[in-house]
Amino acid sequence: MKTFNYHSTKDVKEATKLASSSSAFLAGGMTTLPSMKLGLASYKDIIDIKRIKKLSGIKASGKSVTIGSTTKHAEVANSKEVKKAIPSLAALAEGIGDPQVRNRGTIGGSIANNDPSADYPSACIALNATIHTNNRKISADKFFTGMFETSLKKGELIEAIEFQIPEKSCYQKYPNPASRYAIVGVYVAKHKSDVNVAVTGAKACVYNEKSIASALSKNFSSSSLDSVKISSSGMNSDIHASADYRANMVKVFAKKAVDAC
Amino acid sequence: MVKFFIGGKTMKKVSLEVNGKKVSKEVPDHTVLSVFLREVLNLTGTHVGCDTSQCGACVVHVDGKSIKSCTALAADIEGSKVTTIEGLVSNGKMHPMQEAFKKQHGLQCGFCTPGMVMSAIDLLNHKKNPSDKEIRDWLEGNICRCTGYQNIVAAVKEAASKM
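Protein sequences, first through last, are from chains W and P.
If you count by my numbering, then the first sequence holds residues 27 to 287, one letter each, in order.
If you count by my numbering, then the second sequence holds residues 288 to 450, one letter each, in order.
Treat the hints with care, as some may be off.
Stated by the list, open to error - Each computed BS3-like pair below joins lysine-lysine, with the alpha-carbon atoms no more than 30 Å apart:
1) W:Lys110 / W:Lys39
2) W:Lys180 / W:Lys216
3) W:Lys277 / P:Lys420
4) P:Lys352 / W:Lys36
5) W:Lys109 / P:Lys414
6) W:Lys28 / P:Lys414
7) W:Lys109 / W:Lys28
8) P:Lys444 / W:Lys63
9) P:Lys368 / W:Lys63
10) W:Lys79 / P:Lys444
11) W:Lys79 / W:Lys180
12) P:Lys420 / W:Lys79
13) P:Lys308 / P:Lys352
14) W:Lys79 / P:Lys312
15) W:Lys36 / P:Lys308
16) W:Lys63 / W:Lys180
17) W:Lys63 / P:Lys309
18) W:Lys179 / W:Lys194
19) W:Lys76 / P:Lys309
20) W:Lys109 / W:Lys70
21) P:Lys444 / W:Lys109
22) P:Lys415 / W:Lys36
23) W:Lys80 / P:Lys352
24) W:Lys85 / W:Lys179
25) P:Lys312 / W:Lys43
26) P:Lys368 / W:Lys76
27) W:Lys218 / W:Lys282
28) P:Lys444 / W:Lys76
29) P:Lys312 / W:Lys70
30) P:Lys352 / P:Lys415
31) P:Lys300 / W:Lys36
32) W:Lys79 / P:Lys300
33) P:Lys300 / W:Lys80
34) P:Lys300 / W:Lys282
As the list claims (entries may be wrong) - Listed below are several chain W residues computed to face chain P (Cβ distance under 8 Å; list not exhaustive):
35) Phe30
36) Asn31
37) Tyr32
38) Leu59
39) Leu64
40) Ala67
By construction, these hints were calculated from the structure, which means they are not laboratory data.
Glycine included, each C-beta is placed from N, C-alpha and C at the ideal position.
Isolated chain W, as found in the complex (with noise of 0.2 Å):
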C-alpha cells in the first residue's frame, strides 16, 4: 500500500475542507482499504469519518427510516427499528460479505463505492431512498449513474440515506460462494403508488426492471411474471455467470422475491 496522510475528523466541516481531488474518505475502508493495497487507487490524503457521531445511527419514522452513513451492516442487520419498518432491509444487511465485513463496513461507503454487485445499492432504488449529503438531497434513481459510479462530486459526503417504508418488500439473492457479492440480487418493494424491481449483480449499474415492475404493479403474483422476457443484452459475463444465465436468474429471483413477500 502507497503512502497516505491519514486524518481523523471530527465534524463534517473539517471532513469535506481536507477533501482534495487526490483524497478519500474512509469509514469501513471494506474496498477503499483493500483497493488500495491491489494497487488499484491510491490517495494522498486519508479521510476518516468514523468518529463523526451525527453520521451513525438509526431513526424510524412512520414513514421512513433514515440510516446515517457510516452505520455498519451489523447495526442495520440487528436494529430493531430496522426490523420492525423494514425486515428485508435488515436481512439484506445480514447477508453481506461475512460477520468480520459486517462488523467494519457502512452504508455510505456501498453505496459511495456503487460496486456492481453489492446489495445496498438495491435496497436504495427499491425503497425510493433519498441520498443525504452534507449540501443536497440526491433521489436514488439519480444517484447510481455506472460502473463503480455515482452522482456524488468530489469533496461531497454522504450523510445518511432515507428509506421509504414499503408496503411489502423481499430481498432475494443468488450470492457468490465466495464473496457473497451478488451474482444477481433482486430487491422487490411494492409502495402505495408503484413496485420497484431493484436489480443488482446483473448489470454495469444496479437498475429498476420496469418490465416485471410494471408486470406486479397489474398483479402483484409471482406467476404475473410467466410471460415476462428478460433481454440479456449488457448484462454482466464472466468466470460465474453468462449473460443469458444472469438473465434468468433476474426472473428467478424477482419470482421469489414476490413469493416471500
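Position chain P relative to chain W; hints supplied.
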C-alpha cells in the same frame, strides 16, 4: 526496518490496549492493524493470508467484536481494546475454544486457526448454542484449505458445550 515501513512519510502515535496491556507506538499512517500486531508488537499469532479481508486468518477482536486486522488501520482504532490469539490463555491454560480445536482435530497446518478461533469465540459471544448451519454461516469469512471444515464445526460445538 521491516519492508512495510519503507516510505512512511507521516507518523502517528497509536495507543491501544492489547491483551490487557497498554501499548503506545509511533507508526507510519498507512500501518494496518495486522502489521502493527506482528511487526511492531511481535505478536505473530495473528496470521496474514490473503491480506485483502477474504481469508480471515488475521481475525482479532476490537472492543469485543471480531474484525479482520489486515483491513483496519492501526491509527483508526486508536484507543480501542484489542484481543489476539495470544490473549486467550489464562493462567497458563488454553481457552476452551483452543482446547476444543486441539481435541477435535479442527486443524491440519494451523495457518487459519488463530482467525478461526477468534471468529468462533465471537460467535459464541452472540449465540450460546449455535447449530451446525449457524456455525458454518458465521465462519463464512474464515477459509481453511486443509480440513474441509467438518472438525472445525465439531470443535466449535464442543467449545459451545463448555463455555
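These are the hints, each one checked on the structure:
1. W:Lys110 / W:Lys39: Violated, because 34 Å separates the two Cα atoms, which is more than 30 Å.
2. W:Lys180 / W:Lys216: violated, 34 Å
3. W:Lys277 / P:Lys420: holds, 28 Å
4. P:Lys352 / W:Lys36: The given pair, whose Cα atoms are some 23 Å apart, holds under the 30 Å limit.
5. W:Lys109 / P:Lys414: holds, 19 Å
6. W:Lys28 / P:Lys414: violated, 40 Å
7. W:Lys109 / W:Lys28: Roughly 41 Å between the alpha carbons, so the hint for lysine 109 of chain W and lysine 28 of chain W is violated.
8. P:Lys444 / W:Lys63: violated, 36 Å
9. P:Lys368 / W:Lys63: holds, 25 Å
10. W:Lys79 / P:Lys444: violated, 39 Å
11. W:Lys79 / W:Lys180: Satisfied, since the Cα-Cα distance of roughly 22 Å is no more than 30 Å.
12. P:Lys420 / W:Lys79: violated, 36 Å
13. P:Lys308 / P:Lys352: Holds. Lysine 308 of chain P to lysine 352 of chain P sits at ~18 Å (cutoff 30 Å).
14. W:Lys79 / P:Lys312: Roughly 26 Å separates the two Cα atoms, so the pair holds.
15. W:Lys36 / P:Lys308: holds, 27 Å
16. W:Lys63 / W:Lys180: Holds - the C-alpha atoms of lysine 180 of chain W and lysine 63 of chain W are around 22 Å apart, at most 30 Å.
17. W:Lys63 / P:Lys309: holds, 29 Å
18. W:Lys179 / W:Lys194: It is violated: about 33 Å lies between the C-alpha atoms, which goes past 30 Å.
19. W:Lys76 / P:Lys309: Within the cut-off at roughly 23 Å; holds.
20. W:Lys109 / W:Lys70: Not OK: lysine 109 of chain W and lysine 70 of chain W at ~40 Å, beyond 30 Å, violated.
21. P:Lys444 / W:Lys109: Holds. Lysine 444 of chain P to lysine 109 of chain W sits at ~29 Å (cutoff 30 Å).
22. P:Lys415 / W:Lys36: violated, 37 Å
23. W:Lys80 / P:Lys352: With Cα atoms ~22 Å apart, lysine 80 of chain W and lysine 352 of chain P stay inside 30 Å; holds.
24. W:Lys85 / W:Lys179: Roughly 26 Å separates the two Cα atoms, so the pair holds.
25. P:Lys312 / W:Lys43: holds, 29 Å
26. P:Lys368 / W:Lys76: holds, 17 Å
27. W:Lys218 / W:Lys282: holds, 21 Å
28. P:Lys444 / W:Lys76: Cα-Cα ~36 Å, so violated.
29. P:Lys312 / W:Lys70: The hint holds at about 23 Å.
30. P:Lys352 / P:Lys415: holds, 16 Å
31. P:Lys300 / W:Lys36: holds, 18 Å
32. W:Lys79 / P:Lys300: Holds. Lysine 79 of chain W to lysine 300 of chain P sits at ~23 Å (cutoff 30 Å).
33. P:Lys300 / W:Lys80: Cα-Cα ~26 Å, so holds.
34. P:Lys300 / W:Lys282: Answer violated: lysine 300 of chain P to lysine 282 of chain W is near 52 Å, above 30 Å.
35. Phe30: holds, 6 Å
36. Asn31: holds, 5 Å
37. Tyr32: Tyrosine 32 of chain W check passes; min Cβ-Cβ to chain P is 4 Å, inside 8 Å.
38. Leu59: holds, 5 Å
39. Leu64: holds, 7 Å
40. Ala67: Since chain P brings no Cβ nearer than about 13 Å to alanine 67 of chain W, farther than 8 Å, the hint is violated.
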